[in-house]
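Top line first, the protein sequences correspond to chains A and B.
By this note's numbering, the letter at position 53 of the first sequence is numbered 53, and the numbering carries on one by one without gaps.
By this note's numbering, the letter at position 227 of the second sequence is numbered 227, and the numbering carries on one by one without gaps.
What the hints contain is simulated information worked out from the structure, not anything from laboratory work.
There's no promise every hint is true.
No copy is singled out in the list; a pair is fine if it fits within one copy or between any two copies.
Think about it this way: if two alpha-carbon atoms lie no more than 30 Å apart in a straight line, the pair counts; the simulated BS3-like pairs of lysine-lysine are [said to hold, decoys possible]: (1) K163 <-> K195; (2) K343 <-> K4; (3) K342 <-> K83; (4) K83 <-> K310; (5) K196 <-> K79; (6) K154 <-> K342; (7) K292 <-> K48; (8) K342 <-> K310; (9) K342 <-> K364; (10) K4 <-> K154; (11) K389 <-> K310; (12) K364 <-> K48.
Here the structure is a predicted model, which means the values were calculated and not measured.
There are 2 protein chains.
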Amino acid sequence: MDYKFSDRISSLKPSLIREILKNTSGSDTIPFSAGNPAPESFPVSDMKKIANSIFDSASTQALQYGISEGYSPLRDALKDRMKKKFNCGADFDDLIVVSGGQQGIELACKVLCNEGDTVICENPSFIGAENAFRSYNVNLVGVELENDGINIEKLEQALKTEKNVKILYLIPTFQNPMGVTTSLEKRKAVYALAKKYSVIIIEDNPYGDLRFEGEEVPVIKSLDTEGLVLYCGSFSKILSAGIRVGYVLAPNDIIQKMVVAKQVSDVHTNLFFQMVAHRFMTEYDLEGHIEKIRALYRHKAGLMISSLEKAFGGRAEFTRPQGGLFLWCTLPENVPMLDFCKKTSANKVAVVPGIAFCASPEDKCNSFRMNYSTPSDEQIVGGVEILGKVLESY
Amino acid sequence: MDYKFSDRISSLKPSLIREILKNTSGSDTIPFSAGNPAPESFPVSDMKKIANSIFDSASTQALQYGISEGYSPLRDALKDRMKKKFNCGADFDDLIVVSGGQQGIELACKVLCNEGDTVICENPSFIGAENAFRSYNVNLVGVELENDGINIEKLEQALKTEKNVKILYLIPTFQNPMGVTTSLEKRKAVYALAKKYSVIIIEDNPYGDLRFEGEEVPVIKSLDTEGLVLYCGSFSKILSAGIRVGYVLAPNDIIQKMVVAKQVSDVHTNLFFQMVAHRFMTEYDLEGHIEKIRALYRHKAGLMISSLEKAFGGRAEFTRPQGGLFLWCTLPENVPMLDFCKKTSANKVAVVPGIAFCASPEDKCNSFRMNYSTPSDEQIVGGVEILGKVLESY
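Could you put the whole structure together from the sequences, leaning on the hints where they help?
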């Protein structure tokens, strides 16, 4: 049979990262291309204890259907933490548990955008979010991301000229892929523009707990006096990525629609691990655990940066993240990025070509993304050396 | 702020079941309205053993990101079981693990239908599926469901006259809400029509393992020589509903698109419980466990049927399911269904008004759905007695 697919899905290709990962999935490849948290960041023995206690005392609840909003004690604990740690959550806000931050973004687009509406994102941005938007056939518009956040003039220009702008999608803290953090000044400017043009900000903050250097910057949601910000959080980088548990804090009117959309999407998020996350938050030392992960990534990022300084000798620039999982290298003009990435790949070092993160395939990009949470220390040192040699070959 | 939502979500109301459940959520209500598997059907101690073994020997894999297709050993085990038990799976087929059968339906609609395309379903049908279709703004058309399956003449009429029919959604075995099973003859007729009109059949089969009486009827997917059938299966009724693990067996071209759609929806299904399901299938006695559930529901359905015969004394009709979780009562014409359901609810017995399952709010329906897997034996006997007294009051 000649299958006919929906317009929205026909245009969506499997991600370039995915394709690259397929070609470098051998164990002899150095994985700078991944976005995986370090395996040593999973609190395995505590989670095992919690799992046993759930099987012993709450198995009927944990294995039965739950409600689409999420496990109430977890929702309460998350609201409480958002208030205390991030100064977020007004009377008009509510919280829904989702199956990873990715689902929060997808459901938000489903309930807020008609086909043809505009979503503005930083350029470059997170592929998973960009593809979620594309899967609803929206007009995706990228606005230049600078080292201190999105370009405010160009953002206002886009808000003025693009049709039916519904969502402004941002990763203000330790951005994926660039590793940069939006300044407080720009956060305020972005919020003022969202208010002026009646646009919902999706503040995606999966890495916000992972600062290993510098001063905390208030999240945009903490500035939200008008109910304009939908905040996506996740346990993927502080507990486990495979359990698929995240959350959205947003105005109750939006949350209610997301609950309806979630009900038809997967009914609810795996209840057993919602309960594990809740008990880990309330009976174990989540903040202490996060502190350990920060120390781990401080070390790994530092090692990658010092290795890059040595290997590149100033010939290629790169960002110095103060947290998160990624940094962004920009090649000199005479070095063609895709050619460079193919060569590193042939030398068993996988990085992601920057074009994969661009809002439009016509965008120009001479950068690539590197991840330091997945590779071992030896892989970081050895892999960066190889990158240096490939760069020298031009 | 005055929020603007997408057209697709604005029309979607929280389900009527949900609203009824909210009003009868007290522990003193007899829950004939639910769709929950019996808590005694969860193999708690085996799952606990498996969970411990995963924490001990495979925690890094179980807690890390996985691939969107699903855990490969589980996919292989499921393909194998579908072949052996249901004679399904051609060379052109593949299998994706999804977050419950619900996600299989939602992703299928997302990849197959543009807004305005037609989806045909049995009338009445499963609310969760109907709402998933509505959430993509399709033209949902219900065709009368009879005691041996959908009305074939009316189905062909709809296929001929409705615009861009893309999906025919059926629950051929122990249908929700009616509890009836489509005959082999009608299955063949439906398949022939799907072929004639180039329409994809979604065969939703969450209850297919739960036959407690009568002869097995081949699933429609086993007739699929042309690649027209997308089969949705689930662990919800044979292992645990809260873990949200299901699967779709369908032509590879469709599965590939669903993988892309799943990637942007929740990246992948909770990996830990994909591994639990796999080990339960391969290292424990899944078929023996299912046999126990069948015996349990044989008993509960029998008890409900004999109680209804006594309480209604022939004044109201009801279906005699040979498996699954539900039966369907039809009131005499002089008894108004919504009024009846309100009265039973006031008497602390919750049933679901049949109109909730109808494809169009204009449909007429004088029936209600009853579930026998959730209530205890005492609740079945006591609750049906109350229903009888309410019926006598007319």
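Hint check:
no. : hint          : in the structure
1   : K163 <-> K195 : within (17 Å within a copy, 42 Å between copies)
2   : K343 <-> K4   : neither (38 Å within a copy, 48 Å between copies)
3   : K342 <-> K83  : neither (46 Å within a copy, 42 Å between copies)
4   : K83 <-> K310  : neither (43 Å within a copy, 57 Å between copies)
5   : K196 <-> K79  : within (28 Å within a copy, 54 Å between copies)
6   : K154 <-> K342 : neither (33 Å within a copy, 58 Å between copies)
7   : K292 <-> K48  : both (19 Å within a copy, 29 Å between copies)
8   : K342 <-> K310 : within (22 Å within a copy, 76 Å between copies)
9   : K342 <-> K364 : within (17 Å within a copy, 64 Å between copies)
10  : K4 <-> K154   : between (39 Å within a copy, 25 Å between copies)
11  : K389 <-> K310 : within (11 Å within a copy, 86 Å between copies)
12  : K364 <-> K48  : neither (47 Å within a copy, 52 Å between copies)
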